[in-house]
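Given the structure of chain G, go ahead and fit chain E with the ligands onto it with the hints provided.
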Amino acid sequence: MTKKSNNGFNTWQKSFEKETKKNFSDAISETDEGINIKPVYTKEDMENFSFVEKNSLPGQWPYTRGPKASMYTNRPWTIRQYAGFSTAEESNEFYKKNLESGQKGLSVAFDLPTHRGYDSDDDLVMGDVGKAGVAIDTVEDMKILFNNIPLDQMSVSMTMNGAVLPVLASFIVAGEEQGVDRSLLSGTIQNDILKEFMVRNTYIYPPEPSMKIVADIIEFTSKEMPKFNSISISGYHMQEAGADNVLELAYTLADGMEYVRAAMSKGLDVDDFAPRLSFFFAIGTDFFMEIAKLRAARTLWAKIMKDFGAKNERSLILRTHCQTSGVSLTEKDPYNNIIRTSYEALSAILGGTQSLHTNSFDEAIALPTDESARIARNTQLILQNETGVTKTVDPLAGSYFVENLTEELSKKTWDIITEIEELGGMTKAVKAGIPKLKIEESATKKQAKVDSGSRVVVGVNKYKNPKEPSVDVRVIDNNRVRDDQIKKIHAIKESRNTKAVEKALTNLTNAAKDETNLLIPCIEAIKLRATVGEVSKALEQVYGRHFAKSLSVSGVYGKHFEGDKEFMKVESKIKEFENVNGRRPRVLVVKMGQDGHDRGAKIVATSFADMGFDVDMGPLFQSPKDVAKDAIENDVHAIGVSTLAAGHKTLVPELMKGLKEIDPKSKIIVFVGGIIPEQDYEFLYENNVSAIFGPGSNIIESAEKVIDLISDNLSKE
Amino acid sequence: MELVDKIIKGERAAIAKAITLVESSKDTDQQISRQLISELIKKPGKSIRVGFSGPPGVGKSTFIESFGSYLVSQNYKLGILAIDPSSQITGGSILGDKTRMVEISKNPNTFIRSTPSRGTLGGISMGTREASIILDAAGYDFIFIETVGVGQSEIVASNLVDIFTLIVGPGSGDELQGIKKGITEYADIFIVNKNDGELKMEASKTAADYKSALSYYKKLDELEKQVLLVSAIEQTGMVDVIKTINQIIDQNKLKGIFDERRADQLEYWIQEEVKNIIASDITKRLTSKGNIPKYSEKVMKNEISMYEAVETITKDTLKQ
Ligand code: B12
Ligand SMILES: Nc1nc2c(ncn2[C@@H]2O[C@H](COP(=O)(O)OP(=O)(O)OP(=O)(O)O)[C@@H](O)[C@H]2O)c(=O)[nH]1
Ligand SMILES: [Mg+2]
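Order-wise, the sequence lines are chains G and E. 1 is the number of the first residue of the first sequence in our numbering; add one for each residue after it. 718 is the number of the first residue of the second sequence in our numbering; add one for each residue after it.
The following block holds chain G by itself, in its conformation from the complex:
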C-alpha cells in the first residue's frame, strides 16, 4: 500500500465515520455465509488472491469470467422455463404456446408419482397425480408430451432423478418413434441423486445402487448421445431448502466430484464425459453474492477438474442453468415477486449463466397460470432486448467488491470441500445425514431472522399491504387427471404383448444383479410399453426402497429469541399447560402423500420443540391412515399437516376419516400449513380443520394460536 493511497483511505474513513457516527469496524456486516462485508472496497482488496486470477479473460483459465469468450454478445442465454402439470396433452399445449411466445428451450416438470416411480393408478399416490407436474406413465405419454415438437431441434431439460431410468428410456424411445436418432437428441437430464437424499426427496433406491444408476446414465450418454448433458449437478434445491451460498456451492461441487469418480470407476476417461456435465444453481436475493457465486463456481470447478487429470479444455469449464429463488417469493402482496424476480434474474445474467428460469409471481400460491408465466418469461425478454446487458461480457470484472467477494466465497467453499473430501466424500457425508442437517440449521436461522424482524421481507414482516390483492389460481382437477391416466394405462396394458413385457422386466431385474448398464434393458422394456411403475418395481425387487432416517436440529431457533417477550409468552403458556394437564402439549407434524417439501415441517417442528412442545415428527410419504394410527397411539393433542404439493384436498379429508375410523370419539385437532390457495380455506374448514398457516406465517404467533386452540379444545370436555 502506497503512502498516498493510504492517506486517501484515512481521509475517506474519517468522513465515513463522521457521516455515520459509527466506527468503520462497526459498519462491517456479516452475511449468512459468514463473510464480512465492508462499506467500501479498494484496490488493496484485490491483492493476495489464491483463486481469482486478475488478468484472465472470458473463456480462459480459470474461466471466472465465463465459459465462452463472447458470451451473450454472440448469443444470449437460453430462456428455459420449467413447467409441467396435469396430463401430457395439456402440458404439450402449454409448451407450444410458450415456444411461440419467445421461450427457447423446454424444461419438463414431472409429477411426484412419476418422480417416485409409481404409476398413476397406484393407491399410494391418490392425491398427487398431475398436481405438481405432468404425469407420465408410459412412452405413449412421453410421445404426447412432445407432439409436434421436433426433438432433433428442441433441447429438452428433464428434472428427473429417482425414476431416471424409465423416464430417460421413454424420452429416447419417444425420439426414435418420432424418427429422431438418439445421437441427435439434445438437452439435459438432472440425474443428480445425492441432492435428492439431502433436500429434494424424490429418491427411490438406497444411495449405493442409486449412484450406480447415475454412472450408468453418464456412461450410456457419453457413448450414444453426444449432444445430451448426462447430469445437472444441482445446488439450486439446496439453497431453496435453506442453504447459504457457501453450503450450496461446496456441496454441489463436492457432489460433482463424487459423480466424476463414479463415472471413472466404470472405466471411462475423464475427458469422455466431463464436457457433458452441467450445473444448476439458485439465484437468491443477495445480489452481489449470487454474481460472485457463479464466478467462484467456474473458478473452483476448473481447478477440481484439472486435479482429476482432465486434458480437454471443455472438461474444465462449468456450464450452468440458473433459476431465480422461489423461496424468496411470498404469498403476501404477491406482485412484489415480479420485482424480486427481476433483480435475481439480473444477478444471474451478470454472473454469466447459460440458461435461466424466472419464477412467476404466484410462486407461493400454486403452479403458474398462463398469465403469470407470461410475465415471468417477459422478465427475461426485457432483459435481453431492452437493457443492454448482453453487450458486454462479465461487466463486473475488476470491481474491487465483486472480485473480492468471488475470492472470499471461493476460499470458504474450498475449506468445506476439503473437509468433506477428508471425511471420505459426499456419498458418505450424505449417508450420515450431515449436509442435510447443516442445511436445516441454516434454514432455521433464516426463519428466526424473519420471524424476529431482523431480516425484512417487504409485505410480510414490514410494509404490509392493507389490501391484499386476490389473484387467479391454476386449478388442477386431479381426480380427472387420474381417471384419464388410468384409462390410458388400461388401454396400453390390454394392447401390449404381456408375455414380452414380463420377460423384459425379468431381464431388467436380472441385470440389476450384476454390472450391466441398466439403461439398455430399460429401453427394451419401455419400447414394449412397460410402465414407469413396472420398471421401477423391477429394480426395487433387487435394490429395495430407501427410507430416510431423519435427524433434527434443536435449539437453533430458540437461541435467536433469548429474552424475547413473545417467545417467552408462549413458553410460559406451555408451562402453565403442563401444570394443568400433567404433560406438555403434544403435536404430531406430518407430511402425507408424495410431497417431499420438508423444509417448513422441519423448521416448525424444531421451533415448536424449542418453545416447549413435545413434537412427534412423522416420516416422509405417510398415508393419511398411517398418520391417524400414529397420532392416536401417541395420544397427541393435535396434528399439524404440512402440505405444499397441492394434495391437501384429497389427503386432509382422508386423515379425518382415518382418525374417526380408529376412534369415533377422537378429539385430536388438525391444523394445516404450507401452500393453500385462499380458494381452498373454506373447504378445509368445512372438513374440521382448526387453523391454516400459510407461507410467511410467523412461527411464534402460530405456536401461540396452536396452544390456545389445544387448550380450548380440552376445556370442551
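Treat the hints loosely; a few may be bogus.
[Stated by the list, open to error] Stretch-level coverage of chain E by chain G, calculated; a stretch enters the list once three of its residues show a Cβ under 8 Å from a Cβ in chain G:
| no. | region |
| --- | --- |
| 1 | 735-749 |
| 2 | 816-822 |
| 3 | 827-834 |
Just so you know, the hints here were simulated from the structure itself, not pulled from any lab data. Small disclaimer: the values here were computed from a predicted structure and weren't measured. Quick reminder that beta carbons are idealized off the backbone N, C-alpha and C, glycines included.
Frame of chain G, contents of chain E with the ligands only:
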C-alpha cells in the same frame, strides 16, 4: 372401570389414553392410574418383555423396525415403547422414532408409543413399567422397550423386562473395558449390529471380543451368554435373535428363573414406589419448613458447621 374393558379388548385409543394417564404428572391422573394398574395387574396377558439398550445411534430403532417386521410377519402382536433421548433442557422434545420405524408402524398388529425421556437418569421415563402392563393386558405378544444406554440406565431398564438385550456397534470393543464388569449381570443377549458392507470385518471382530470377555466373566452355574451378529439394514440375523430369545425364555421358565425375576422386579418396584413417596413427602416438608435457607445462612455466618446443620435439619424433618 370402563377403560379396563376397552384395553382388554385391545382398543387402540383406550390403550393410548391409559398410557397418557400413567405418564401424567397430575395428581388426579396418578390416582386413576393406580386404580387402573391395580385392575390390569389382575388380568395379566402373555407378553414377553424385551429391553433393547445401547449407545445413541447404534441402530436400536432400525433394529426394532427390522426385527419387528420379521415378528409381525410371523403373526405376533408387537407393542413398542420407545424412550426418546432427544429431550432438551428447557424446551420440549422432538420425537423422531417413527421416522425409523416406517414399516412396522403401518402394521395393524403393532402399537408404537414414544415418550420423551426428559433427561431422567437411566433414560427410563416415568410410567414405562405401567405402560408395559397396559400393553400386556391388551394382548401384545412382545413388548419392546427401547432405551439409550447411558450410565445407570441398563440397571433400571433391565428391571422392567424379561430379557435384556444390549445392542452395540462394530468397533465398540474398546468400550468393553469400561462396561464389562456390569454388563454380564444385566444383559442376557449381546447384539452386534451393522454387520454389513465395509463394517463386516469389524463387526465380527467385535463379536469375538465380546465372546471372549463374556466367557471370562461367566459364573459357573450360568448359561453361556449369546453374542449375535445382525444387520438391521439388511435384515440379516433376525431368525437367530428370535430363536435365542425363545430359548432363553423357555430355559428360564423351566428353571423358575423367569418367575423369580418377575418377583424380584415386583419387589424392586414396590421399593421404588415407597422411596418415591417418601422422597416427595420429605421434599414437601423440607420446603414448607424453610429449614434449608435458614441453616445455610447460619453456616455462611460461621455460626454452626455444615454437618451440624445437616444433622439438625434431618432430625427436624423426620420428626412427625
Ligand atoms: C423450497 C421449495 C422447494 C424445495 C424443497 C426443499 C425442501 N426440502 O423442502 C425444492 C427445490 C427441492 C422443491 C422441489 C419441488 N417443488 Co417446490 N417449492 C419450494 C418453495 C419455493 C418454498 C417452500 C418452502 O420451503 N418455504 C419455506 C418454508 C419455511 O415455508 P412453508 O413450508 O410454507 O412453511 C411456513 C408456513 O406455510 C407454515 N407451515 C407450513 N407447514 C406447517 C406446519 C405446521 C404444523 C404449522 C403450524 C405451520 C406450517 O409455517 C411455515 C413458516 O412460515 C415453494 C414456493 C413458495 N414460495 O412457497 C415451491 C412449491 C411448493 N414447489 C412446487 C413444486 C411443484 C415442486 C416440485 C414438485 C417440482 C417438480 N415437479 O419437480 C419439486 C418436488 C419436490 C418434492 N419432493 O416434493 C410448487 C407446488 C405447486 C402447488 N402446490 O400447486 C410450489 C408452490 C412452487 C410453484 N408455485 O410452482 N421445492
Ligand atoms: N450400516 C448399518 N447402519 C445401520 C444399521 N442399523 C442402523 N444403522 C444406521 O445407524 C444410524 C442410527 O440408527 P438408529 O436406529 O436411529 O439408532 P438408535 O440407536 O435408535 O439411535 P438413538 O435412538 O438416537 O439412540 C442410522 O443412520 C442408521 O441408518 C445397520 O444394520 N447397518
Ligand atoms: Mg432410536
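Examine the region 816-822 of chain E: at least three residues should have C-beta closer than 8 Å to a C-beta of chain G. holds (count 5)
Cut-off 8 Å, C-beta pairs, minimum 3 residues; does the coverage of the region 827-834 of chain E by chain G stand? It holds: at least three residues are needed, and the region 827-834 of chain E offers 5 whose Cβ sits within less than 8 Å of chain G.
Holds or violated: the region 735-749 of chain E covered by chain G, criterion of 3 or more residues with Cβ-Cβ distance under 8 Å? holds (count 7)
Hint check: no violations occur; every hint is consistent with the structure.
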